[in-house]
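Using the sequences plus the hints, can you model the full thing?
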Amino acid sequence: MTIPRHLDLDSVKVQAHDAFDRGALNEASLLFESLLLHRPDSISTHYMRGLVHKYLLDWPTSLHHNQRAIELNNEVDEAEHWNAAIAATALGQWDVARRLWTALGIGIDAGSGPIEDDFGVAVVRLNPWHAGETVWVRRIDPVRARVLNVPTPESGHRFGDIVLHDGASTGTRLNADGRDTPVFNELARMQQSEFQTFVVFVSCDEPADLRSLLDATLPGIGYAEDWTRSLVNYCLRCSYGVAHRHREPEKGAWQPDRNLGIAAQSRLSVETLLKNWSAAAPGRQWAGIETREVQAPELQEGGVWWREPEDDEST
Numbered sequence: 001m002t003i004p005r006h007l008d009l010d011s012v013k014v015q016a017h018d019a020f021d022r023g024a025l026n027e028a029s030l031l032f033e034s035l036l037l038h039r040p041d042s043i044s045t046h047y048m049r050g051l052v053h054k055y056l057l058d059w060p061t062s063l064h065h066n067q068r069a070i071e072l073n074n075e076v077d078e079a080e081h082w083n084a085a086i087a088a089t090a091l092g093q094w095d096v097a098r099r100l101w102t103a104l105g106i107g108i109d110a111g112s113g114p115i116e117d118d119f120g121v122a123v124v125r126l127n128p129w130h131a132g133e134t135v136w137v138r139r140i141d142p143v144r145a146r147v148l149n150v151p152t153p154e155s156g157h158r159f160g161d162i163v164l165h166d167g168a169s170t171g172t173r174l175n176a177d178g179r180d181t182p183v184f185n186e187l188a189r190m191q192q193s194e195f196q197t198f199v200v201f202v203s204c205d206e207p208a209d210l211r212s213l214l215d216a217t218l219p220g221i222g223y224a225e226d227w228t229r230s231l232v233n234y235c236l237r238c239s240y241g242v243a244h245r246h247r248e249p250e251k252g253a254w255q256p257d258r259n260l261g262i263a264a265q266s267r268l269s270v271e272t273l274l275k276n277w278s279a280a281a282p283g284r285q286w287a288g289i290e291t292r293e294v295q296a297p298e299l300q301e302g303g304v305w306w307r308e309p310e311d312d313e314s315t
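Quick note: the sequence shown uses full-length UniProt numbering, first residue 1, plus one each step.
It is worth saying that the hints were derived from the structure and are not from the lab.
Dumping the calculated SDA-like pairs for lysine to any residue here, alpha-carbon to alpha-carbon at most 20 Å:
#1 K13 <-> P40
#2 K13 <-> S44
#3 K13 <-> E27
#4 K275 <-> I289
The following label-pair restraints were derived from C-beta to C-beta distances:
#5 D8 <-> S169: 32 to 38 Å
#6 K275 <-> Y223: 14 to 20 Å
#7 Y223 <-> A188: 19 to 25 Å
#8 L268 <-> V121: 28 to 34 Å
Predicted model, so just to flag it, every value in this text is computed and none were measured.
Every residue, glycine too, gets a C-beta built ideally from N, C-alpha and C.
Listed below in structure tokens is the structure:
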């Protein structure tokens, strides 16, 4: 797409921003590219094209335009540096990312290669362009984090995955201490965990029985999580075709039937865990072990998933 000389470049700029605001990223990219043919040293246009390609997950193009904006700018602009560092991280250009973080005054340990530090706990919205399941994570650098929860198989993610996330938060969650914790959008999975997700259905008479299972350790077991209260959109057992009867507890009463997500290296590890647990006390039963390997939904153009949702209901 090229712009006839008689057209008002400012009106084209408005069209480009409008396309971006509508989520028409490919259209916006072409318009910003055309603007750069006429204004090749425009800092804001280089920045915007880099931003568009960040949300297209096109890391080489995003890095190029953000770096060009940095070169043209006499001042350190946080947005340009953050987006360039995100793109460099996605590409594994660790020296470039480290240099950009340092320019922003972010403390990075000396060295080369991937950053392995502790930047605190946060929440990441997986596949924000799709269902947007949220999980707790431990940030190991400014934009990379290790998943701490057991995500549902349908998310295409696993406990222990390393994900790349955006730099701007899109909301907050209350942590266990009642403090606001930022929520970031995932941009890509950088490293898949060795732990598969197994969906397990158990029954037990007391909360202490469940706690015993969740706290149990065994080789090959990464983490066990009670999904019973956190996944409330549908009956998980019905969705997996596990035969059972619905037992509706009284309000405030203990619910014996529990749905668990267990991160493990093998089905045998999960079976051993459940057999040991059920044999240790009466009233402990398990009805099935299910697993599904699902590909994460691909990015599709449309919508403005990078903005804070108005009504954010997490799983």
